[in-house]
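J.: Sequence:
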Amino acid sequence: MAREEEHLIYAITVPLSTSIILANLVIISGILWNRQLHNTPNYFFLSLLVADMCTGVALPFIPLMAHDRELSFSSCLVAHIFPNFLFLAFLLNLVMVHYERYICIVEPLHYSNLWMHRSFPLALLLVWAPPLLYASLPAFGWNNWTGPDWHGCCAHGQKWTPVSNCSTNVTICCSYRRVFPNAFLYLEVYGLVLPAIFTIAAMTGRVLWITRGQLRDICRLHRSVERGQASDREQRLNLRYTRCVVAVSLTFLACWVPYLIYMHVCMSFLMSDTRWTSTTHIVLSCTGIGSMAVVPLVLGLANKQYTEPAHKLLLKLRDRLRQTTQTPRGSAV
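Per the numbering used here, the sequence shown runs over residues 6 to 338.
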């Protein structure tokens, strides 16, 4: 891989990764600082934030997976398996958080008896262990390492040189096509990722539909009290619901659509067995993965309880800064 491509990857992903990590740290500190937030729903959200922060750490390495690199055998496995595990764990944590909130709204009477609350360690194990097991399957033999020339070959551009012509016998031609078979990628995309995204979208739509029905009942009560006239409170409720629908729609379009486009383009190139330009892959991968990692940040930053400690800290810093700037003036007078 050319150094220009590597510099471009780091130039795009490092600022995005730093922003994701810092934002997650702010929300995590807000949950840990406030003892009132120490409950099972927030623990699930805390697990999601940890997975999202890990995804932010792995973000600069994800675009590198599509390029041929000279790495050792173990380094090649880690460079592909570990980011894939973090991504799948993040996605499963996101489904779990949405499911927990979905049950809270759909079945509020049975919410306290939910199995996730009664066996919290088991729920955490279900969102972290299966992604690790599935991502590790290439290390247990489900891969494309078929030839004996695997060990000690190297790549020059798009041509593969024989073992005798390689500069070293320690490195190998590391590529995602060698680590992940097509069947593995098809199963992950169409059997895990897409169903998880559609499940999140379906639960969100169901919650909005239930909220709309409850809002209609409230409006009917207001109209019965106001003798058939629409009150200002009813208009405010409708306006708030409209804002909620617009916010959810824009979040889905901004966070999930870029990733769906990126994933569809990846699978199209994989099926056609063609090679795309590096710049296209870098832009699509950074935009897709980065936009998806923003979803927990939107959920967290929208809650004032999570951001209250950071807000108080900023106010204290602002007050101290004002005092330091006003002190020399007072002493001079």
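Source of the hints: derived by calculation from the structure; they are not laboratory data.
Do not rely on the hints blindly, as some may be mistaken.
Stated by the list, open to error - Per label pair, the in silico range of CB-to-CB distance:
#1 78 with 273: 41 to 51 Å
#2 206 with 323: 24 to 34 Å
#3 328 with 78: 56 to 66 Å
#4 149 with 313: 47 to 57 Å
#5 186 with 46: 34 to 44 Å
#6 138 with 221: 21 to 31 Å
#7 46 with 257: 35 to 45 Å
#8 328 with 222: 18 to 28 Å
Predicted, not measured: the structure shown is a model, and the values here were computed from it.
By construction, the Cβ of each residue, glycine as well, lies at the ideal position given by its N, Cα and C atoms.
J.: State for each hint whether it applies.
T.: Evaluation of the provided hints:
1. 78 with 273: 41 to 51 Å: Since the Cβ atoms of residue 78 and residue 273 sit about 30 Å apart, the hinted range of 41 to 51 Å is violated.
2. 206 with 323: 24 to 34 Å: violated, 40 Å
3. 328 with 78: 56 to 66 Å: At roughly 59 Å between Cβ atoms, residue 78 and residue 328 fall inside 56 to 66 Å, so the hint holds.
4. 149 with 313: 47 to 57 Å: holds, 51 Å
5. 186 with 46: 34 to 44 Å: holds, 39 Å
6. 138 with 221: 21 to 31 Å: violated, 46 Å
7. 46 with 257: 35 to 45 Å: Given range 35 to 45 Å: violated, Cβ gap about 22 Å.
8. 328 with 222: 18 to 28 Å: At 53 Å between Cβs, range violated.
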